[in-house]
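Residues per chain, in single letters:
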Amino acid sequence: MPNMQQFVLLPSRGLKGAGLQANFLSSVFGAKGLSLGTSNPMKLIDSIREDGAKLVEMTPESALALKSSQPGVRVVPVVYYRQAVMQPISIQSKARSLSAGKSAKVTVRLVTGKDRTPVPGAKVVAFTNYDQREGAQGVSSAKGTVTLTLLPSTKTLERVYVFPEKACWSLVRKNVPVTADLTLVLNPLDLGYKDCLRYFYGVSDKLNGAGVRVGVVDSGVDTGHQDLRVDGGVNTVVGEDPKDYGDNGGHHGTHVAGIIAARGTPPKGIRGVAPKVTLRSYRVFGKNEEGASNYSIAKAIDFAVRDKCDLLNLSLGGGQLDEAVTSAIEDARNHGTLVIAASGNDGRQPVSFPASYTLCVAVSALGRKGTFPKDSWETELVAAPYAKKDKNTFIATFSNIGPEIDLTGCGVGVISTVPGGYATMSGTSMACPAVTGFTAALLSSKAAILGMRRNQARADAMASALLSSAKPFHFGVKYEGHGFPR
Amino acid sequence: MERFILRYRGSGTAPLKDVQRIHKTPSVAVLDESSRMLLVEGELPAVEGMIQLMSEWVMVREKTIPLPEIRPTIRKKKH
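Chains A and B supply the protein sequences, listed in that same order. Here the first sequence stands for residues 72 to 557, numbered as in the working numbering. Here the second sequence stands for residues 375 to 453, numbered as in the working numbering.
No lab work stands behind these hints, which were simulated from the structure alone. The structure presented is a predicted model; accordingly, all values stated were derived computationally and were not measured. One or more of the hints may lead you astray.
Said to hold, decoys possible - Every beta carbon over 12 Å from chain B, so not counted as near; a handful from chain A, in silico: (1) 139; (2) 204; (3) 336; (4) 357.
What the hints assert, rightly or not - Only some residues are given here: those of chain A computed to face chain B with a beta carbon under 7 Å: (5) 140; (6) 234; (7) 271; (8) 373; (9) 389; (10) 468; (11) 498; (12) 500.
Quick reminder that beta carbons are idealized off the backbone N, C-alpha and C, glycines included.
Please put together the full structure from these sequences, using the hints given.
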């Protein structure tokens with residue numbers, strides 16, 4: 072019995088179609104079962120009007136085929152809303168009192184390399200009870216040390232994680248005996264190392280991405296990094312300088328940008344998937360802020376379209392559908408700009424907005440065993456499903472999944488640029504620019520598409536070319552959509 | 375007082391007369407604007423009442439989307 076699910080078919084805007092979209096929707100209205108080139112036809116359940124929105128039933132594979140053949144038609148899974156029930160605040164752990172002097176202090180020393188060079192600026196997270204997320208954390212000093220305060224009864228640290236700011240891989244240690252001094256040796260980052268991205272794509276040709284303009288909507292991009300060339304951009308955070316589109320101190324945007332467009336050469340630098348793109352930065356996260364306003368995001372998209380970006384990378388998301396952002400994405404699509412968004416990192420939960428919005432290309436994250444050190448945190452991101460013909464390739468534990476997924480990309484242990492150097496990061500935030508970079512590289516050889524008038528047909532053509540390039544690893548449609556672009 | 379995004383859904387830039395109306399509406403303060411959007415602060419009834427007089431505009435509450443972070447961290451205790 073095929074896995075039939077319900078979807079709503081909508082035109083690209085509103086509820087009533089126009090032009091080719093209206094013709095398609097009318098054809099669904101008149102057909103008893105519409106073939107989509109798969110073995111399971113689509114079944115019409117209800118309709119608002121002949122040329123308008125439809126409630127249909129079909130398999131996820133058929134939905135995917137429909138999105139490819141009719142890129143201007145929105146294919147929206149049926150969602151059921153529940154009443155918002157107030158959850159009582161629960162105590163996460165018993166209240167404990169720490170009397171003055173009654174605590175155990177552990178000094179953790181972080182070093183790397185043969186010379187045992189101190190590692191400053193690394194976040195150390197030590198769990199005494201991992202399930203309850205109890206423990207202590209801190210950041211290493213210039214001397215590479217951090218002192219953690221624990222209960223005097225603590226004998227063992229269940230897990231210790233180290234997340235360096237740059238220059239080293241992350242580390243995880245389990246069941247560490249508590250001593251007054253603890254030294255942890257971190258693996259240094261080798262820029263010639265074959266991480267997940269370089270395993271699948273190799274070191275890119277220097278001309279990849281020529282003629283394509285890419286906008287990174289994120290926390291800003293370091294304009295001074297030796298491996299990056301930022302053509303320009305805008306800071307759309309209200310109350311801040313619009314010209315300040317550089318990295319906001321959080322490193323996320325610079326890392327994302329490097330995956331797409333870094334121009335270095337290993338082992339002294341790194342190279343992104345499309346080093347020859349014209350890169351623009353649209354900062355939407357404020358200085359030292361952990362959130363971006365939906366207003367800033369919509370405004371950034373508008374500016375990027377004004378600046379004639381061909382592709383927009385949105386390695387961000389969360390919350391419910393937002394009409395300010397969907398409107399901006401619609402406008403982008405109508406002006407020939409394709410938006411590629413990260414599916415989110417909630418661990419096999421539904422795809423986050425805006426990736427869930429049908430006019431975005433939604434990207435999940437995969438990884439590959441053997442592309443990160445055995446004692447790195449990345450080892451904890453391995454989970455089923457595995458690729459049918461390659462059990463070393465997996466969908467990352469954190470990746471959101473669902474019928475909205477269009478593609479999967481490299482998102483585990485990716486080496487890229489950060490202010491002042493290089494670092495590894497994992498997330499659908501990394502998988503998204505891997506796909507954006509691939510798209511840019513693909514389009515740079517498709518002058519006919521790049522030369523099209525800037526309207527929806529152009530964006531649709533870019534989407535079709537990208538989706539057609541993908542080959543499945545056979546994880547299943549909800550994990551990978553059309554597959555991995557290659 | 376809340377913050378709202380007012381976005382023009384028609385073609386091209388927002389009509390000047392609509393933008394002027396928003397600026398002149400008492401108890402609604404314009405915090406930022408671009409070619410098709412304004413960020414305003416005001417009470418919901420005042421903003422809703424204003425929007426209803428203007429066609430092809432939508433009103434959305436401003437909200438914050440967090441920066442993605444997947445690394446394990448210590449959970450803060452609630453007392």
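Verification of the hints:
For residue 139(A), the shortest C-beta to C-beta distance to chain B comes to about 28 Å, beyond the 12 Å cut-off, and the non-interface label holds. Some Cβ of chain B comes within 12 Å of the Cβ of residue 204(A); the nearest lies about 4 Å off, and the non-interface call is violated. Its beta-carbon lying about 29 Å from the closest one in chain B, residue 336(A) satisfies the requirement of being farther than 12 Å from that chain. The claim that residue 357(A) lies off the interface is violated: its Cβ sits roughly 10 Å from the closest Cβ of chain B, which falls inside the 12 Å cut-off.
About 28 Å separates the beta-carbon of residue 140(A) from the nearest beta-carbon of chain B, more than 7 Å, and the hint is not met. A least Cβ separation of about 6 Å between residue 234(A) and chain B falls short of the 7 Å threshold, and the interface hint therefore holds. Checking residue 271(A) against chain B by beta carbon gives a least distance of about 21 Å; that is not within 7 Å, so the hint is violated. Evaluation of the residue 373(A) hint against chain B yields a held restraint, the C-beta minimum of about 6 Å falling below 7 Å.
Hint status for residue 389(A): holds, given a least beta-carbon distance of 5 Å to chain B, under 7 Å. With 7 Å as the threshold, the beta carbon of residue 468(A) stays out of range of chain B, its nearest partner Cβ sitting at about 9 Å, so the hint is violated. Proximity of residue 498(A) to chain B holds as hinted, the smallest CB-CB distance being about 5 Å (cut-off 7 Å). Checking residue 500(A) against chain B: minimum C-beta separation of about 5 Å stays under 7 Å; hint holds.
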